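Given next are the chains, with one letter for each unit.
2 protein chains.
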Amino acid sequence: MTKVVIIGCGFGGIEAARSLAKSNVDVTLVDRTNHHLFQPLLYQVATAGLSAPSIAAPIRHILRKQIARGRLTVLMGEVVDIDVANRAVALDSGERLPYDELIVAAGATHSYFGHEADWAPHAPGLKTLADAFELRRRVLLAFERAECESDPAERAAWLSFAVVGGGPTGVEMAGTLAEIARHTLRGEYKRIDSRATRIVLVEGAPRVLGALPEDLSARAAQQLEKLGVQVLAGARVTGIDASGLDYDAGHGTQRLPARTVIWAAGVAASPLGRLLAERTGCTLDRAGRVIVEPDLSIAGHANIQVIGDLAAAKSYPTRGEPTPVPGVSPGAKQMGRWAAANLLRRRRGDATRRFRYIDYGSLATIGRHSAVAMVDLPLVGPVKFSGLPAWLFWLFIHLYFLIGFRNRFVVLMDWAWAYFSFERHARVVADAPRPAPPQT
Amino acid sequence: MTKVVIIGCGFGGIEAARSLAKSNVDVTLVDRTNHHLFQPLLYQVATAGLSAPSIAAPIRHILRKQIARGRLTVLMGEVVDIDVANRAVALDSGERLPYDELIVAAGATHSYFGHEADWAPHAPGLKTLADAFELRRRVLLAFERAECESDPAERAAWLSFAVVGGGPTGVEMAGTLAEIARHTLRGEYKRIDSRATRIVLVEGAPRVLGALPEDLSARAAQQLEKLGVQVLAGARVTGIDASGLDYDAGHGTQRLPARTVIWAAGVAASPLGRLLAERTGCTLDRAGRVIVEPDLSIAGHANIQVIGDLAAAKSYPTRGEPTPVPGVSPGAKQMGRWAAANLLRRRRGDATRRFRYIDYGSLATIGRHSAVAMVDLPLVGPVKFSGLPAWLFWLFIHLYFLIGFRNRFVVLMDWAWAYFSFERHARVVADAPRPAPPQT
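In the order they appear, the protein sequences are chains A and B. Start counting the first sequence at 1; every next residue gets the next number (the working numbering). Start counting the second sequence at 1; every next residue gets the next number (the working numbering).
If you're looking for bench data, these hints aren't it; they were derived computationally from the structure. Check before you lean on any hint, since a few could be wrong.
The list makes no distinction among identical chains, and a pair is therefore deemed to hold if it is satisfied within one copy or across any two copies.
What the hints assert, rightly or not - Derived lysine-lysine pairs resembling DSS-like cross-links, with alpha carbons at most 27 Å apart:
| # | residue 1 | residue 2 |
| --- | --- | --- |
| 1 | K22 | K127 |
| 2 | K22 | K3 |
| 3 | K333 | K190 |
| 4 | K65 | K190 |
| 5 | K333 | K65 |
| 6 | K3 | K65 |
| 7 | K384 | K190 |
| 8 | K314 | K333 |
Computed from a prediction, not measured in an experiment: that's the story for all the values here.
Excised from the complex, chain A in its bound form:
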């Protein structure tokens, strides 16, 4: 039986596994965590609106029917090598997984543009559940520190937040932080007024949400300002340390004091891209993504396909020029299904097909009642809308795609609660930093 190994259990990997499990192949799925993460809502965990299990489901549980049918093995482990010559994936446990077909869907991590060592400790990003917990910890503890602080300047610094990167994640984080400061925490402190919190969104490009049309970008910026977020576009970050960041908006270096800096700017492909390049000679783009063939395989290695955020893939429409596939979850899902179909075609001796991405539109939420959307309707063409309708649309879409009925229901309850009470139920910091025991 054909042995397929899939590396990574994000949107791409899980779709590929589901598609293949219907066929007569033997699939092994490897991931270094035990869960599939619904990343579009990860910022809600970071901002204490949702608890982790609401957006993370055990991979085994999602795929339990496929496992029970005997066609699928799920292994938790880290890939340490890909032996292309002998067709085997080496895991950190020492196990080698032989494969006839390999699908690499290892995703992306954040990039600090070469400043990993200096910036990462001061400006955590948001890719994994551990990241989300770290951000939640920093955000909630900043208000606690402000309450304990007697020096007004220090207090203001603890009440200053900078979000670097004006893409969807940065916009969501900044908008939600503003809501927390203005509504959720209001009246719960005695010494500080949480409404005095300063939230600055720093974006290097001239506008936020650069992937959307200009008018939607402008509307998003307006909605952010209305929520109390200061938008600093066209400002390139040149330094980050424990007490704030430096930026250059064209008038030389300026300083933005902020005890809490959140990184939502750069994305870099998984290090497995580099490993694949060394083992197969494939080319990487600037972000470390594998430049794949039109059918998602690697040049000269028809049995290795790369999908999701790790792939620099193009969409080949029936008419017109190929366009890059955006790094969003529908893209990864569609690639997962496409790779599975191409794999089966090739095993049958048929020709593979060039990938075609179906773009249903773009969507970004900002906060309560605030979102911008562009939906591509058949015949009608792109329709743009914003504000409450876009926010309701966003709510519906995200609930719909959240895996598992229970999660969907719980998340809806959490949101309904948060909506009417302004409360965020997950305001819990598990491990307070523990200083040395009493000096006695």
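Given chain A's structure and the hints, the job is docking chain B onto it.
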């Protein structure tokens, strides 16, 4: 205005703060975390049945009305000293909190009977949310490691769990582990049969749940065995390492191989007990608890009261001998209210009253449909029951006392879901241990 400082925000501290906030005093509440923890359900977080925010609520949110009235300050911080002569509590932030009245409710931690350094790394306990996450991680990863293991002996070791301590926590943990192995994970692995899991409950005393009458203990042991837990009573643990534990059941040292060992045995008072002893000359008992006066104050320091798990307190009934107050949440709550009332009496110039604990009974759950209960009914006297009625009673009591309507509702939903589906929704390990990046 009288300045009151309360240290610790467990059941005792929060009840004291609530009681005092009704009077004309100025209360400051200090805790090293930002949340109040409903500890009786902590084992559910450790066993992936509940998410952390379901049983932990932000202290500020619980007490927001008292804060809004201007009588209460909540500070997150660690107490580093108590300056009894100058009546001030020193925090790690450098702040000094002057007090007229001090209530110390710093609780307990686990004790390894002098083996902290050797045993703690191999057998984590269960007192904080961080502990619960660590246990969840170990339990879930043990099954993942078993699935990855090719050596049958190693596989069996990963599928062996030992729980040390047959009190309520140990019994709950062992029973729930058995449920997970027999039901939740069944059919989700390809290489292992999770039902082959071995779960051993090790107790040094001759029977589990020693605080309950003998017949209820025996019934609990029966119910455990029925769930698939092996009960090893009268077995004293003499060593714990990475691959299992040594015990002595009266026939010399024997070995119990188990890759996962959970510590539910010893409880030691917070180190603040020792600090208080040095500063006030008060006496500690063997577990490090402060031996308090009949009115819960410290001998010679009427303005310092110690409550909850940190206090070795006695209950003075209207008739008969005083009896020790058990270390359970109703005890801590009652002491919190009592300490607040005594404080106000003394400030008014009235005499304080000796503490009287009202015992409503004892209750321990074991697993699905399994629990034992003893309820003290007025006129009727103690009534014992077990099995399904006791389990339903346990469910009702725990939901009733869970703070905040929302949590109660969410927990009920989670339990209903778990009951009918056998699924546990929080089977998520946030931070998989990350080995070094690929050796390329």
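For each hint, the structure was consulted:
| no. | hint | result |
| --- | --- | --- |
| 1 | K22 - K127 | neither (30 Å within a copy, 46 Å between copies) |
| 2 | K22 - K3 | within (14 Å within a copy, 70 Å between copies) |
| 3 | K333 - K190 | between (48 Å within a copy, 25 Å between copies) |
| 4 | K65 - K190 | between (53 Å within a copy, 11 Å between copies) |
| 5 | K333 - K65 | within (20 Å within a copy, 47 Å between copies) |
| 6 | K3 - K65 | within (19 Å within a copy, 62 Å between copies) |
| 7 | K384 - K190 | neither (44 Å within a copy, 48 Å between copies) |
| 8 | K314 - K333 | within (15 Å within a copy, 64 Å between copies) |
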